[in-house]
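Engineer: In my numbering, the protein residues as written are 1 to 86.
Some hints could be false.
[As the list claims (entries may be wrong)] Pairwise CB distance ranges, derived in the manner of DEER restraints:
#1 Ile-74 with Cys-38: 15 to 21 Å
#2 Ala-48 with Pro-2: 31 to 37 Å
#3 Ala-64 with Met-1: 32 to 38 Å
#4 Asp-36 with Gly-60: 35 to 41 Å
These aren't lab readings, by the way, just hints derived from the structure by calculation.
Please read all numbers here as calculations on a predicted model, not as lab measurements.
Beta carbons are placed, not taken as given, at the ideal position from N, Cα and C, and that holds for glycine.
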Amino acid sequence: MPEFEWDRTAMAVVACALAGDSDGAVELLRPLSQRDVCQITVRLAAMAADALISAAEDTGGDRAEALAQWQQCILQHEAETETGDG
Numbered sequence: 001m002p003e004f005e006w007d008r009t010a011m012a013v014v015a016c017a018l019a020g021d022s023d024g025a026v027e028l029l030r031p032l033s034q035r036d037v038c039q040i041t042v043r044l045a046a047m048a049a050d051a052l053i054s055a056a057e058d059t060g061g062d063r064a065e066a067l068a069q070w071q072q073c074i075l076q077h078e079a080e081t082e083t084g085d086g
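From just these sequences and the hints, can you work out the full model?
Structural biologist: Shown next as structure tokens:
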């Protein structure tokens, strides 16, 4: 799959997610090779990180603060998953 198709598919997955259509996102990814899905996943992670950093900067924070907050959210989610709360 050409690189521009990874970007187009990533944006389509985001659109599905924003619409609450996780099944639609899965169907977009299902026919793809594992390599393509991995490339799209990395792009989605980069977009999420960029959005978090931009949001932190918009409120007077910085990159390190945004990443620390993100890490805390991940750890909290993992803890909730382990205890069955999430």
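Engineer: Which hints from the list above does the structure break, by number from lowest to highest?
Structural biologist: Failing hint: just 2.
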